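**Student:** The chain contents come next:
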Amino acid sequence: MSSFEIGTIFQIAGLGIIIAIFAAVLKQMNREDYAHWVTLAGVVIILFMVIRALADLFQEIKSMFLFQ
Amino acid sequence: MIQLDIIQIVGFGLAAAILALIVKEYKPVFAFFIVAFAGIVLFLVVIGKIGLIINVVSDLANRSGIPDIYLKTILKIIGIAYVAEFGAQMVRDAGQESIASKIEFAGKVLILVMAIPIINIVVETLLSLIPAGMSG
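Chains as they are written, first to last, in this note's numbering: chain A, 1 to 68; chain B, 1 to 136.
No lab work stands behind these hints: they were computed from the structure.
Quick caveat: nothing in here was measured; it's all calculated off a predicted structure.
The beta-carbon is built from N, C-alpha and C at its ideal position, and this holds for glycine as well.
Treat each hint with caution, since some may be false.
[As the list claims (entries may be wrong)] Under the rule of at most 16 Å between Cα atoms (straight-line distance), these lysine to aspartate or glutamate pairs were calculated in the EDC-like manner:
{"hint": "1", "chain 1": "B", "residue 1": "Lys76", "chain 2": "A", "residue 2": "Glu60"}
{"hint": "2", "chain 1": "B", "residue 1": "Lys102", "chain 2": "B", "residue 2": "Glu85"}
{"hint": "3", "chain 1": "B", "residue 1": "Lys24", "chain 2": "B", "residue 2": "Glu85"}
{"hint": "4", "chain 1": "B", "residue 1": "Lys108", "chain 2": "B", "residue 2": "Glu85"}
{"hint": "5", "chain 1": "B", "residue 1": "Lys72", "chain 2": "B", "residue 2": "Asp59"}
{"hint": "6", "chain 1": "B", "residue 1": "Lys49", "chain 2": "A", "residue 2": "Glu32"}
[Unchecked claim] Coverage of chain B stretches by chain A, computed from C-beta distances (three or more under 8 Å per stretch; other residues unrestricted):
{"hint": "7", "segment": "11-24"}
{"hint": "8", "segment": "50-56"}
{"hint": "9", "segment": "104-114"}
{"hint": "10", "segment": "118-128"}
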């Protein structure tokens with residue numbers, strides 16, 4: 001547990017809020033398709049961060065429990 | 001050191017929950033990612049401590065001369081249980097109750113498969129205890 005993880009949590013939350021604002025603004029400008037793409041891009045970026053952490057976790061579990 | 005850890009863990013969990021609440025209003029997907037990431041990080045923290053326990057237990061098993069296969073099987077079963085529980089809770093958080101219950105079911109079946117060698121050994125031992133005249 002270091003400042004890295006809490007920083008990443010805030011990063012995810014901040015990106016979520018920023019993308020929500022972007023989507024709202026784009027929707028106001030009648031660019032709904034762009035809003036969807038922006039949301040999708042944000043989801044993919046966050047997904048990469050979460051997947052990396054998940055890979056770390058599974059590697060740890062594997063080395064500890066499954067394959068000694 | 002341990003006391004500090006629990007304070008950090010609780011603070012981390014609270015921060016993640018509040019952030020998830022805030023973000024959920026705008027984009028529920030990101031709230032789910034926050035919850036998932038918090039779960040992963042907390043699990044990672046705890047698994048470091050589990051390693052210490054496993055070291056002690058395996059040392060005890062080595063000293064008492066218990067065959068290696070028992071401890072390995074038990075550790076594998078614990079690992080399967082942790083992973084299945086973790087995955088099921090993640091999926092349940094995402095709102096897919098039926099997939100979560102299938103993951104739990106798969107975990108149970110795999111644990112049973114892992115336990116087959118031990119069950120075999122138990123049955124063999126019991127059969128060898130029965131006098132030859134009675135088993136025939």
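**Student:** Please go over all the hints and tell whether each is borne out by the structure.
**Tutor:** Going through the hints against the structure:
A C-alpha spacing of about 13 Å is found between B/Lys76 and A/Glu60, which places the hinted pair at or below 16 Å, so the restraint holds. Using a Cα cut-off of 16 Å, the hinted pair B/Lys102 and B/Glu85 holds, with the two alpha carbons roughly 11 Å apart. Distance check on the hinted pair: B/Lys24 and B/Glu85 sit about 24 Å apart at the alpha-carbon level, beyond 16 Å; violated. Taken as a hint, the B/Lys108 and B/Glu85 pair is honoured in the structure, with Cα atoms around 10 Å apart against an allowance of 16 Å.
A distance of roughly 13 Å separates the Cα atoms of B/Lys72 and B/Asp59; the hinted pair therefore holds under the 16 Å criterion. With a C-alpha separation of about 48 Å, the suggested pairing of B/Lys49 with A/Glu32 is violated against the 16 Å cut-off. With 7 residues having a beta carbon nearer than 8 Å to a beta carbon of chain A, the segment 11-24 of chain B meets the requirement of three or more and the stated coverage holds. With 3 residues having a Cβ less than 8 Å from any Cβ of chain A, the segment 50-56 of chain B passes the three-residue criterion, so the hint holds.
A count of 0 residues in the segment 104-114 of chain B with a Cβ less than 8 Å from any Cβ of chain A is obtained; the coverage claim is therefore unmet, three being the minimum. With a threshold of 8 Å between beta carbons, the proposed coverage of the segment 118-128 of chain B by chain A is violated, since 0 of its residues qualify and at least three are required.
Going down the numbered hints, you'll see the structure goes against 3, 6, 9, 10, while the others check out.
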